[in-house]
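Engineer: Construct all of the structure, not just a fragment, from the sequences and the given hints.
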Amino acid sequence: MDTYYKPEHLPKFGSISEGAPDLAKKFFEWYGAVFQEGALSVREKSLIALAVAHAVQCPYCIDAYAKDALEKGADLEQMTEAVHVASAIRGGASLVHGVQMLEHVHKLGM
Amino acid sequence: MSQLITIRDRIGDLGVDLASGEAGPKPTKSLLSRRVPLAVPAAQFEALQTAAPAADFDAAVAEAGYTDGLRAAQLDIFQINLGKLCNMTCRHCHVDSGPDRVDENMDRETVHACIAAIERSGAHTVDLTGGAPELNPHFRYLVDACVDMGKHVIDRCNLTILLVPKLRDLPEWFAERGVEVVCSLPHYRARNTDRQRGDGTYEKSIRALRRLNEAGYGQGDPKRLLTLMSNPAGAFLAGDQSAMTAEWKANLQRNHQVSFDRLFCLNNMPMSRFLEWLLDSGNLEGYMQRLLGAFNPAAIGGLMCRNTLSVGWDGKLYDCDFNQQLDMALTDDGGPLHVRDFDLDVWMKRRILTDRHCFGCTAGAGSSCGGATS
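Chains as they are written, first to last, in our numbering: chain A, 1 to 110; chain B, 1001 to 1374.
A hint or two may mislead.
Stated by the list, open to error - Dumping the calculated BS3-like pairs for lysine-lysine here, alpha-carbon to alpha-carbon at most 30 Å:
id, chain 1, residue 1, chain 2, residue 2
1, B, Lys-1249, A, Lys-45
2, A, Lys-67, B, Lys-1026
3, A, Lys-67, B, Lys-1316
4, A, Lys-67, B, Lys-1249
These are computed hints drawn from the structure, not numbers from a lab.
Structural biologist: Written out as C-alpha cells, the structure is:
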C-alpha cells in the first residue's frame, strides 16, 4: 500500500465481510434501513450524511454522498450549507471549551 | 439575417428573432452548426464503445429474462417529433436542437399521414415533441385533429417558448383543448436549471409556469395536467420522483406560488450534446460505469419503446426519440418505414433496436418519456 486512501476502496466496501460475514450482513442491512425514506426524507438524510462525512473527514463518504445528495435532488447551495453546519459545530465545539479554559484562568488568577 | 428570413418564411412572424437571447437562453450552439464530428451518430457510437467496451445491452436484457430481445407490449402512445427547431440550446439536448435547425421540420403532408396513422394505431395518447414542437407551423392544426379524435394530447414544452410574443396565448389555447403540458425544469432552484439550460432560464420558466397556473393548469384538474420533467444537471442519475415530488411542490409553492400536478425524473442518455459534455468534462467513463452498475431488470417492462411509436419530422418510424436522433430507423426489405405505411401488426412483431445508450433508460428506477418505469 503506497497510500492510505484509494478511491477504488470505496466500491470494495463489501469485502469487509471476509473476516466477519455475520457482522457485515447486520451492518449493511442496518445501514440500508437508516437511509430509507422515513420521518426524514432521503434528501435530508443524504445532506446529514454529507455534513457528518466532513465532520469525520472521510474522503470515501464525501465521494459517496456528494454524488448521492445530487441524485436525491439537492443542489450545490444546499450541500454547501450542510458542510457549513458541520464546520460550525466543529468550530463551536472547540470554542465552547474555551469556557473551561476561562474557569481555570479565573480560579488560578488573582 | 438570411436565417431570420428563412425562419419567418417557414413558420411566420414570431414577434422576436428566434436566434436572439430574448427568444430563449442559448448556452451553446448545435453540434451541427459547429460542424464537430460528434454531430454524426457513428462518432457517438464509437465514443460509447471506447468508454464501455464490455457493455452489451442485448446480453443484459437477455439475462433479465427477455431472451428473444425487447418486444412490443401494446401501442399506447403515438409520439411525433415535429422538428429540431428550438428557441433554446440546452447543453444536454439529445436532439441537438437550436434556432439553426430550420430545415428539419414536419410538413403538412406528413402531418396528414400522421393523423391517418394515429387513427389506425389505436393509441390513446399523442405525444408531441421537438425541438420546440410549438414552432412547427402545423402544430395547432395537428393538436386540433388529435383532440377531435378523442386522443389525450401531450405537449413537451421547454416553458420559455410560452413567452415568445406570438405564442403567448398557448396556455389558454391548451386549456380549452385539455392538452397535457409536460415541461422541462431540471430543479426547483435556479442554479442547476440555468447551468443546464442557460442563464435566465429559471426566471423565464417560473413566469411561464405562472401563466399555466393562471390558465387552470397544475391544480389537480385532469383536463389541465401540468407535469414537470427533471433531467439531472450533470453526470449523475435522476432521483426518485415519488420521494422528490412533495419537496418540489412545497418549494415552488413557498418561493414562487407556483403549483404543478406530477414530477417525472429522467436520466440523461449518453448521446448528442450531453455526450459532448461528458467527453469534455472527463465524465464519460464514470457515467457509463454508473449506468451499468445501476442496471435494473425491473425497469425493462415499463420502457417506452415497448408501448410507444416514435415518428420523425420526415415521417420515418423509430422505437423511441433517442433511437430517432441516432438514425436507428425501423426498416423492412424496402428500406426505412414511413408513417404513411404504418402497420400495427408489423410494429407489434418487430424486435426493438438497441445499443449502449439504452443503459440510460434501465438505470436506477428506469427512465422513459413517462418518467420512472419501475
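Engineer: Now look at each hint and say whether the structure bears it out.
Structural biologist: Taking the hints in turn, this is what the structure says about them:
no., hint, verdict
1, B:Lys-1249 <-> A:Lys-45, "19 Å, holds"
2, A:Lys-67 <-> B:Lys-1026, "27 Å, holds"
3, A:Lys-67 <-> B:Lys-1316, "39 Å, violated"
4, A:Lys-67 <-> B:Lys-1249, "23 Å, holds"
Taken one by one, the earlier hints fail for this structure only at number 3.
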